[in-house]
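Please work from the sequences and hints to get the whole structure.
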Amino acid sequence: MAVIHRIAFWSERTWDRWRARRIRKKVIAPYIGYADPEHLVVRGRVLGSLRRHRPDPSQSLWLNFRQMVSLFLTDEVADVEVAAGGVTAISGQEGYFTLLLPRDAREGWVNVDVTITGQEGVAVCPVLIARGNAKFAVVSDIDDTMMQTGAYSIARNLWTSLTGNALTRKVFEDAPPFMETLSDGGRNPVYYVSSSPWNLHYFLRRIFERAGLVPGPKFLRDLGMSETKFITGTHGDHKGDSIDVLFAANPTLPYVLVGDTGQHDAFVYRDAVLRHPGRIRAVVLREPGPGPDAESLRAMEEIAAQGVLLLHAPSFGGFAPRIRDALGATAGS
Numbered sequence: 132m133a134v135i136h137r138i139a140f141w142s143e144r145t146w147d148r149w150r151a152r153r154i155r156k157k158v159i160a161p162y163i164g165y166a167d168p169e170h171l172v173v174r175g176r177v178l179g180s181l182r183r184h185r186p187d188p189s190q191s192l193w194l195n196f197r198q199m200v201s202l203f204l205t206d207e208v209a210d211v212e213v214a215a216g217g218v219t220a221i222s223g224q225e226g227y228f229t230l231l232l233p234r235d236a237r238e239g240w241v242n243v244d245v246t247i248t249g250q251e252g253v254a255v256c257p258v259l260i261a262r263g264n265a266k267f268a269v270v271s272d273i274d275d276t277m278m279q280t281g282a283y284s285i286a287r288n289l290w291t292s293l294t295g296n297a298l299t300r301k302v303f304e305d306a307p308p309f310m311e312t313l314s315d316g317g318r319n320p321v322y323y324v325s326s327s328p329w330n331l332h333y334f335l336r337r338i339f340e341r342a343g344l345v346p347g348p349k350f351l352r353d354l355g356m357s358e359t360k361f362i363t364g365t366h367g368d369h370k371g372d373s374i375d376v377l378f379a380a381n382p383t384l385p386y387v388l389v390g391d392t393g394q395h396d397a398f399v400y401r402d403a404v405l406r407h408p409g410r411i412r413a414v415v416l417r418e419p420g421p422g423p424d425a426e427s428l429r430a431m432e433e434i435a436a437q438g439v440l441l442l443h444a445p446s447f448g449g450f451a452p453r454i455r456d457a458l459g460a461t462a463g464s
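Residue numbers (this note's numbering): 132 to 464.
Heads up, some of the hints might be wrong.
As the list claims (entries may be wrong) - The list that follows gives simulated cross-link-like pairs (lysine to any residue, SDA-like), each with its CA atoms no further than 25 Å apart: (1) K157 / Q250; (2) K266 / K301; (3) K266 / A379; (4) K157 / L354; (5) K301 / D315; (6) K266 / P307.
In case anyone wonders, no lab produced these hints; they're calculated from the structure. From a predicted model like this one, the values you see are computed outputs, not experimental measurements.
See the structure below:
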């Protein structure tokens, strides 16, 4: 298996570099960045082109399928220099880049202009900087937490993901007001951690905007091949690592974790509670489909045993006031 993986990895790398040399005009797909105590973390991806569909809610399932598949047929461009604010970075094997700009006194939403060296044009990459008066931060899953997906069933997940479009995908009605209350008009930063691939970043942004969901940096998953793995990271590893990054980004803030019981969020959040004692004040879990199984229930009991407020139900209705009380009347007050 190791030999097969090495052959596949180097074949993919050789193909990508040959293809990249044939791409003359390069573009930047901007991702939403965040801030840590020292930097603005500006993120994006260098591609040969951007796929921006204009879907219609009445279009056929076949057209939806074709448009969704096209989002994964990207031309990633490696070894491209990008720059912003006097800082440069080189795009990686899959086209991703990260620019670490010095943090200043700005707060809230900041737009950073990023350019490709030697090429005209500017890409605007938004960055969310936690405000000085923030009381806590929120980390939320997306699928079956904010958006109806059916991720607890592989068949249902694939059908929903591949046959819908940005105008037909459904956000839970209780999700926008719940997240708005936690955000408190932008005072408390909201981040989203999901196993969805980075190819869906713009797609998800459109869904969030249409539904009125609180915007925030997304930590999505690279499904490409790395030098050590066929698929770069597991579901649980990705979410756990992203949570650790966000805790380090806001070292003085407590956190509220929001997820569901359909994709092992109970286990990921339990482990986070044990790794970061005292940092997590509440865990909220939606119960989609059949609800939590016996193992998830045990993980949830372990969360509660650590003194963390645990709320779980098919709906988030009525949860915001309880979180507000648990956090000292700070959520939405």
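Going through the hints against the structure:
no. : hint        : result
1   : K157 / Q250 : holds (8 Å)
2   : K266 / K301 : violated (30 Å)
3   : K266 / A379 : holds (16 Å)
4   : K157 / L354 : holds (22 Å)
5   : K301 / D315 : holds (24 Å)
6   : K266 / P307 : holds (20 Å)
When held up to the earlier numbered hints, the structure conflicts with hint 2 and nothing else.
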